[in-house]
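Student: Next come the chains, spelled out residue by residue.
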Amino acid sequence: MRYTLRVWRQRGPEESGGLVDYDVDGISPDMSFLEMLDVLNERLVLDGEEPVAFDHDCREGICGMCGLMIDGVAHGPERATTTCQLHMRHFDPAEPIVVEPWRAAPFPVVRDLMVDRSALDRIVEAGGYISAPAGAAPDAHAVPIPKADADAAFTAAACIGCGACVAACPNGSPMLFTAAKATHLGLLPQGQPERLSRAEDMLTAQDDLGFGGCTQTGECTLVCPKGIPLETIATLNHDVLTAALRGR
Amino acid sequence: MAVSGAILFLYVVAHMVGNLKAFAGAGALDDYGVFLREFLSPVLGYGGFLWVVRVVLLLAVVLHMVAAVQLARRARKARPVSYAHRPKVQGSYAARTMRWGGVIIALFVVYHLLDLTAGVLNPNGVEGAIHANVVADFQRWYVVLAYTLAVVALGFHLRHGLFSALRSLGVASARRAAAVRGTALGVAVVITVGFLVVPFGVLFGIVR
Amino acid sequence: MSCSDYTNYSEGEPIADTRAPDGPLETRWERRRFAARLVNPANRRKLTVIVVGTGLAGGSAAATLGELGYNVLSFCYQDSPRRAHSIAAQGGINAAKNYAGDGDSVHRLFHDTVKGGDFRSRESNVHRLAQVSTQIIDQCVAQGVPFAREYGGLLDTRSFGGAQVSRTFYARGQTGQQLLLGAYQALSRQIHAGTVRMHPRTEMLDLVVDDGRARGVVVRDLVSGEVSTHLADAVVLATGGYGNVFHLSTNAKGCNTTAIWRAHKKGALFANPCYTQIHPTCIPVSGEHQSKLTLMSESLRNDGRVWVPERAGDPRAPRDIPEQERDYYLERLYPGFGNLVPRDIASRAAKTVCDAGRGVGPGGLGVYLDFAEAIERLGRDTVSARYGNLFEMYQRITDEDPYEVPMRIYPAVHYTMGGLWVDYDLRSTIPGLFVIGEANFSDHGANRLGASALMQGLADGYFVLPAVIGDYLADGPFGPVPPTAVEDAEDEVRQGIAALLAVDGDRTAESFHRELGRLMWELCGMERSEEGLRKALEQIPQLRGEFWRRVKVTGAGGQLNQELEKAGRVADFLELAELMCLDALHRTESCGGHFRVESQTAEGDARRDDDAFSYVAAWEHTGGAPVLHREHLEFTAVRPSVRSYK
Ligand SMILES: Cc1cc2nc3c(=O)[nH]c(=O)nc-3n(C[C@H](O)[C@H](O)[C@H](O)COP(=O)(O)OP(=O)(O)OC[C@H]3O[C@@H](n4cnc5c(N)ncnc54)[C@H](O)[C@@H]3O)c2cc1C
Ligand code: HEM
Ligand code: SF4
Ligand code: FES
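So the sequence lines, in the order shown, correspond to chains A, B and C. Taking my numbering as reference, the numbering of the first sequence is continuous, increasing by one, and the terminal residue is 248. Taking my numbering as reference, the numbering of the second sequence is continuous, increasing by one, and the terminal residue is 208. Taking my numbering as reference, the numbering of the third sequence is continuous, increasing by one, and the terminal residue is 646.
Simulated from the structure, these hints should not be mistaken for lab results. Please note that the accuracy of each hint is not assured.
Which stretches of chain C does chain A cover? Using the computed rule of at least three CB atoms under 8 Å from a CB of chain A, they are [to be verified]:
1. 168-174
2. 266-278
Derived list of chain B stretches under chain A, where covered just means 3 residues or more per stretch with a C-beta under 8 Å from a C-beta of chain A [unchecked claim]:
3. 45-54
4. 64-77
5. 80-87
6. 163-171
These numbers come from a predicted model, not from an experiment. Note that the Cβ used here is the ideal one computed from N, Cα and C, for glycine as well.
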């Protein structure tokens with residue numbers, strides 16, 4: 001099959017970019033979206049052109065490295081799917097496919113479809129952890145955790161840090177990402193001592209990094225490849241509010 | 001945002017309930033208007049209570065709008081380059097109409113104040129004759145239409161506003177998620193219908 | 001770039017692990033820890049440690065060393081330390097906690113691991129691994145890793161990869177992710193505290209050795225293309241495995257051998273390069289475009305039945321083939337273990353039936369894994385509760401519904417047991433160069449048991465390295481490195497980059513990688529023969545020669561250039577491949593993941609040769625024919641026996 005792509009090309013963060021049209025031939029429905037881009041890139045290289053830069057690594061939906069805006073939808077048209085797990089069988093060869101990078105001020109374009117998401121690391125560094133030096137831990141069975149809490153913590157912990165939530169959010173807010181971490185750790189007994197400061201510090205970091213504010217439009221959960229629920233945001237807000245009320 | 005919204009919401013509920021007095025006959029609404037002006041008058045003077053309410057409301061409206069403008073500006077700053085290709089947003093209709101909905105409601109309130117409070121735009125426009133003013137209004141289909149549009153906009157605004165406010169105040173845990181969604185929708189519908197019965201009551205001659 | 005005839009290796013001095021204490025196995029680690037010198041907390045700040053890699057091994061090591069107060073520099077090639085390949089591990093992590101009360105113990109885990117490694121690992125290391133395993137679980141729970149739990153709130157465990165006890169802790173099918181996030185969060189805390197400086201999107205391209213000590217790394221900033229050097233008092237490599245030498249594997253696309261290979265070329269011995277593990281349950285290749293292979297959890301074999309049609313080339317759809325015309329070959333050949341035979345046996349059996357033309361799916365490279373019987377026996381709901389997410393993943397990739405049509409699976413390269421040689425203190429043969437995680441050869445012998453790689457990575461990073469690195473650093477700081485040493489190292493790297501760009505040929509790096517992978521899979525994969533390996537040793541240098549004549553790399557060195565990154569990695573694979581084949585050729589026995597067709601029993605099972613091969617093969621790079629150093633393996637606690645799964 002043959003597809004027409006309209007791909008965002010931009011040489012560097014300071015340079016201007018634009019959409020460039022490419023035809024790619026010999027695409028099979030079993031190819032993943034990234035394999036389709038591989039085909040395009042091999043051809044470009046042989047033609048002496050520079051290939052389209054895009055991030056990827058595991059190619060099985062877990063590392064969170066890939067992420068493209070495909071026809072205006074983060075990670076493309078399939079729900080709960082990363083770009084690397086999206087297959088060409090979902091695309092109509094008659095329609096051109098528009099491929100753009102994630103867009104948010106704290107995610108500057110590095111090159112072409114690649115953006116710098118290190119702002120998400122900064123949010124975690126601000127407090128997204130439990131302080132537990134190696135060697136000091138009590139026996140793992142010292143504190144039983146109700147299965148329901150452990151399961152709920154897991155659901156939030158499944159976030160892969162891809163940034164699709166930011167890309168899709170009309171406000172450019174990473175609230176779902178931040179809330180997923182706050183919820184994961186906040187639901188566990190081990191996470192209690194730092195619960196309030198964690199929530200507050202991560203939220204402050206997020207605001208300081210230039211992200212937009214959350215208005216709970218819910219666009220984020222719809223594109224989230226791991227289906228992180230919107231409710232995690234309430235949990236984060238609850239912690240932040242409690243922290244404020246306690247006058248922290 | 002949530003706090004100012006909550007004040008406005010309480011007002012809207014009280015207002016809606018007050019409006020329903022229109023069904024109790026011509027005198028009821030007028031008496032209610034007088035009651036509001038006399039309420040706590042020993043302390044605040046005639047109409048004083050209403051002015052307190054007005055001041056609080058004005059403050060809430062201003063805060064609400066300032067917060068909204070700030071959010072919108074942050075959002076624009078957070079995405080300086082927009083997507084070349086962006087289909088209709090995927091999320092709920094209510095969520096994505098918050099900003100325009102808010103503007104529509106604000107414009108409506110101006111018109112509405114000139115209409116029923118100041119009486120300038122009212123076909124009857126007699127001060128204190130609240131019931132008569134209302135009835136005069138809603139015999140005209142275009143006035144009903146304007147009110148309907150505004151109230152429906154308000155319904156959407158409330159549906160997402162309530163939902164979001166409950167979230168922002170951290171009320172909704174994962175377990176209560178469905179309940180929050182349901183409550184927000186239910187309350188929004190009740191308020192929409194509650195407001196709309198009056199103009200339609202007049203239009204169809206149930207309220208005279 | 002070319003090597004002389006690799007088959008003419010020479011023998012060097014034997015090598016020995018001089019750091020493990022003698023005496024009773026059970027107390028060796030305690031005694032070693034006690035004997036190791038400590039660094040005064042006030043002095044730690046003055047000592048810089050470079051940790052390359054942020055997987056389970058590197059992430060946990062950098063976080064712990066930072067916590068201890070060392071000045072740590074951390075590197076990874078991804079855009080965030082959280083994305084290291086460890087994130088993809090699904091099944092679980094072993095630990096001798098005996099929470100299931102089914103008779104597990106440190107000794108049993110030790111025993112199983114030595115036996116699972118087919119008696120090609122070092123007893124003292126494996127014993128320490130088993131001891132430390134219990135602390136890992138405590139540590140991870142304290143960090144908030146959401147392991148699976150039972151209704152009583154206690155941790156759940158399952159049995160994994162042929163173990164008879166339930167010692168595998170897991171977090172749904174995302175154990176690696178959750179463990180890595182734990183390490184990443186600990187690392188983030190140290191980055192915030194300023195003890196660790198993180199360099200993401202940075203690739204190590206060479207090791208700086210001065211005065212016989214590893215003193216730093218030359219790196220390329222993958223965004224700007226800038227080449228620079230970072231100096232330190234010790235260098236820790238935690239750069240993962242080299243399974244991507246096969247092009248198609250379950251590893252992430254970026255996994256590479258560059259860091260350890262260049263350290264090897266600087267003098268670190270490379271041990272057992274031919275030991276690779278092939279995983280039996282992966283989704284088969286669907287076409288030429290295939291970029292990687294996806295693992296399906298081994299747990300599927302608990303309920304799925306493996307079969308192929310009796311008749312070669314049977315064109316019928318699987319459901320139209322009647323029971324009596326199906327060959328449930330694992331159940332037939334290994335009635336004792338049936339579908340649950342170990343990875344290497346299941347993999348080889350699949351290859352054998354496919355070689356006989358009875359494979360299914362595109363290219364005949366696949367066998368059925370059928371759940372029809374399980375669905376009938378347990379009901380669709382139970383099957384879905386157990387494997388729902390795996391079925392979904394399969395369907396997403398293949399567009400086939402495993403509830404209706406049997407899955408198709410095929411073996412794929414998964415893990416490399418070989419790596420840089422290290423002693424008990426995880427020191428390579430270059431002083432000051434430590435190697436941890438999958439990058440070293442350490443604890444798994446010739447075959448790794450399921451759920452033991454995560455255990456080893458975290459044992460190395462959280463507990464072993466931090467306990468022994470002080471013994472080396474106590475002699476530091478090691479003074480300034482002369483600028484010439486840095487310039488030389490950087491020049492070498494710059495020349496390498498320039499050489500790749502200068503070829504300007506007509507083939508992509510990817511096409512060479514694909515060709516190398518196919519060659520390795522055919523000749524140095526599941527079954528190895530003298531004839532095949534000799535052929536490989538002829539073809540690899542030719543391919544390498546062609547690479548250096550025909551590779552095309554667009555763009556420049558001083559910019560983000562993914563083609564250049566790829567080409568550099570392929571160039572290193574083209575060299576490593578040769579050493580792998582040589583190692584496989586010289587080891588004429590079959591053991592663990594290494595199966596030599598010449599060394600099998602009448603029934604086709606692997607035949608080990610303990611008299612001749614009970615050693616670690618540690619190879620020295622010379623630029624010409626490599627030199628083999630043998631580390632003799634002694635077994636005092638577990639008596640070598642023949643594995644049997646009949
Ligand atoms: C699909 C899959 C499933 C698995 N499931 C299990 C399981 O269930 N249980 C189990 O025990 N094991 C499992 N394994 C094996 C296990 O995941 C790995 O062996 C282990 O995670 C390796 O960890 P590591 O820290 O050594 O290296 P990795 O996690 O591979 O990390 C390597 C790090 O080094 C960096 N790096 C590499 N090269 C360079 C360079 N040149 N310059 C700079 N940085 C570099 C990378 O950026 C990365 O941060 C699985 C493996 C795969 C592929
Ligand atoms: C069909 C629907 C409505 C009817 C019939 C109605 C009717 C009235 C009447 C009669 C008054 C004057 C009361 C008095 O002078 O005592 C009034 C005032 C007011 N209404 Fe409404 N209203 C409606 C909907 C709304 C809505 C949707 C809003 C806002 C969201 C709103 C906001 C106000 C405000 C702010 C005032 C002025 C209060 C004051 O300062 O005195 N109304 N309305
Ligand atoms: S919350 Fe979802 S969309 Fe956002 S970073 Fe995490 S996985 Fe990606
Ligand atoms: S490449 Fe890892 S999630 Fe897509």
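Student: Indicate, hint by hint, whether the structure satisfies it.
Tutor: Okay, the hints, checked on the actual structure:
Given as covered by chain A, the stretch 168-174 of chain C passes the check, having 3 residues with a CB less than 8 Å from a CB of that chain where 3 are the minimum. Against chain A, the stretch 266-278 of chain C contributes 0 residues with a C-beta closer than 8 Å to a partner C-beta. That does not satisfy the three-residue criterion, and the hint is violated. Counting residues of the stretch 45-54 of chain B whose C-beta lies closer than 8 Å to any C-beta of chain A gives 0; at least three are required, and the coverage claim is violated. Judged by the Cβ-Cβ criterion of 8 Å, the stretch 64-77 of chain B is covered by chain A as claimed, because 5 of its residues qualify and three suffice.
Residues of the stretch 80-87 of chain B lying with their CB closer than 8 Å to a CB of chain A number 8, which satisfies the three-residue condition for coverage. With 8 residues having a Cβ less than 8 Å from any Cβ of chain A, the stretch 163-171 of chain B passes the three-residue criterion, so the hint holds.
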